[in-house]
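Going by my numbering, 552 is the number at position 513 of the first sequence; the sequence numbering is gapless.
Be aware that one or more of the hints could be misleading.
Unchecked claim - Quick list of simulated restraints, FRET-style, between CB atoms: (1) P407 x N191: 29 to 35 Å; (2) V287 x S424: 55 to 61 Å; (3) R391 x L544: 57 to 63 Å; (4) S236 x E336: 20 to 26 Å; (5) D352 x F69: 36 to 42 Å.
Unchecked claim - Within a straight-line C-alpha distance of at most 25 Å, the following computed DMTMM-like cross-link-like pairs (lysine to aspartate or glutamate) qualify: (6) K272 x E508; (7) K506 x D447; (8) K42 x D540; (9) K289 x D257; (10) K509 x D540.
None of these hints come from the bench; they were simulated from the model. Built from N, CA and C at the ideal position, the CB exists for glycine as well.
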Amino acid sequence: MDKYEQVIELAKRRGFLWNSFELYGGTAGFYDYGPLGSTLKRRIEQIWREAYVIREGFMEIESPTIGIEDVFVASGHVGGFSDPLCECKDCGEAFRADHLVDKIVAVADALSDKELDNVITENNIKCPECQGELGKTYEFNLMFRTNIGPGNGRTGYMRPETAQGMFVNFLRLARFYREKLPFGATQIGKSYRNEISPRQGVIRLREFTQAEAEIFIDPNDKKHPEFSRFADKEVSLYSDDAQEREKVEKMTLGEAVENGTIAHEFLAYHIGLTDHFLQRIGITADKMRFRQHKKDEMAHYAIDCWDAEIETDRFGWVEVVGIADRTDYDLKAHAAISNTELSIYREYSEPRMVTQFVVKPDMGKLGPLFKSKAKDAANALKSLSREELEQENITIMVDGEAMTVPRDVVKFAEETVKISGENIIPHVIEPSYGIDRIFYATMEHAFEEEMVSGKEDSEEEKRIVMKLEKEVAPVQVAILPLLTREELIIPAKEIEKQMKDRGILVSYDDSGTIGRRYRRNDEIGTPYSITIDYDTLEDNTVTIRDRDSMKQVRTPVEGIADIVYEMIYGNRKFESAGQAL
RNA sequence: GCGCUGAUGGUCUAGUGGCUAUGACUGGGGCCUUCCAAGCCCUAAACCCGGGUUCGAAUCCCGGUCGGCGCACCA
């Protein structure tokens, strides 16, 4: 059994991850999060919220998981994401049908599937691999398509990323943030891609959870006001160049910006934030790196893109976060399709006086002369130069006809005007997290097997322990009466209530021996176990056991929920929680 | 989607054309038990689905589903 198998086996058995629809045989690409899995996932998402929503101030929004066609036409998902595929009937190899004929037809990518089939048949094109016969061309689009409303309702698609929900709300968001760059919005939610053959458990799903931030920044100022927070942070960078040499480089983010490895401060800041986040939820620092997209793999609209990658036992380096500078591509695309200007007015630090040549047609005179064509005439006049306007009789083209107008229908002058700002289209910095992959990596990195000696004279035995960060552990404390006896159960239940009142997720367990219960909790990563014994009845103290060290301290019951809370969320060390045993 | 390969209680697993389908762990109930998977008793729980061959299929054949690996795909 490799580590992946061990982790998945435990995840299934203990209620972290289940194959969806198992009752009916299951379907590839879908997973259920069980009771502990949902809780762990939510805790990871909550820390993400803390980092992005609370700390960065990028408020969370929620948009539909179904989108209308226009949105994905603009985003490029309808056209660009639908490739004509064609398979060999003999060897089964799949090819891009348009690529097969692009030497024969100039506009191969503009042909319909039928036309492609015709070209293939007419030119007797065979499988490039085995010379076998080719099947019919079909469109393969990775979006799930659906209908909105009954009958021939509007076409809709399950969103392939949450990002578009933020882009289409750009103007509303800009207003919400009082038109000041930079601002950002975030969204945590499900996205859908109809993968051809999903594999690798939760690494490639058809329905998955993304946490994305779209940060709108000034295209002329990609510095970050708080860059000092991460400037000295050392990260593992696998840049385009470094990939050529196959050598990951460690450097501080400050250096990386300085020497041009990372395009600019804003991107570097977010690489720092991602590094910080992943380690906080328990990803091992030396199993992490940032890999830069190579020039040829980068999406055409991005100018720099870094993936956070995590090393896993079976799958090697897995991409879990993409941090891209998407420039103004998305806003421009939506502006074009929606016919709406998606820009923001930016005031200059001080107004600029600009001298310009201004033409003012006299509409009172042009009206009677040109009637309904007066507006065209005015526009024609505006496009003339000073020299042309200074002629005694001015010649203009109106509706394809040359006309002559007297000089007094138009006034013109050099004017100095005050310009206090301009409309700019912000650039977008996008950190995009794949939560399910991060979830798996968190479990794998927390998973440990160790040999421990149990009772005296007994042999060493294997202990499986999930060393989850205390903050993400689904069950936070276990309440264990040492023996299944009424007099111990009563105070145990009271402590359980104290914990619940403090908002701590507690698991009460009185079945089986104490050792068995400790191990059960080790396996699900419960950081602390509280045991109630006969001394409790004497002096109202209990023991707290630390998951990782298996050490115990003795602590008064009074106020114990606060102590546990401080150990999980605060800085309190286990050793300070009571008297060491 | 193609090729190879596999599928037996919750988990891991034995097994074979023919008895009531093996075992361990786990779970539940109980006895016992004063801190790390102890012991004893009881108990629950499985042959992936559909067809075919056969007197008889969990076993053989075909198809499907799911998993793994390789190829392709991963905007």
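For each hint, the structure was consulted:
1. P407 x N191: 29 to 35 Å: Check failed, 52 Å falls outside 29 to 35 Å.
2. V287 x S424: 55 to 61 Å: 60 Å, holds
3. R391 x L544: 57 to 63 Å: 59 Å, holds
4. S236 x E336: 20 to 26 Å: Holds - the Cβ-Cβ distance for S236 and E336, about 21 Å, lies within 20 to 26 Å.
5. D352 x F69: 36 to 42 Å: 23 Å, violated
6. K272 x E508: 21 Å, holds
7. K506 x D447: Violated, at roughly 86 Å.
8. K42 x D540: Distance ~38 Å between K42 and D540 Cα, so the pair is violated.
9. K289 x D257: 29 Å, violated
10. K509 x D540: 19 Å, holds
Of the hints listed earlier, those the structure fails to meet are numbers 1, 5, 7, 8 and 9, in rising order.
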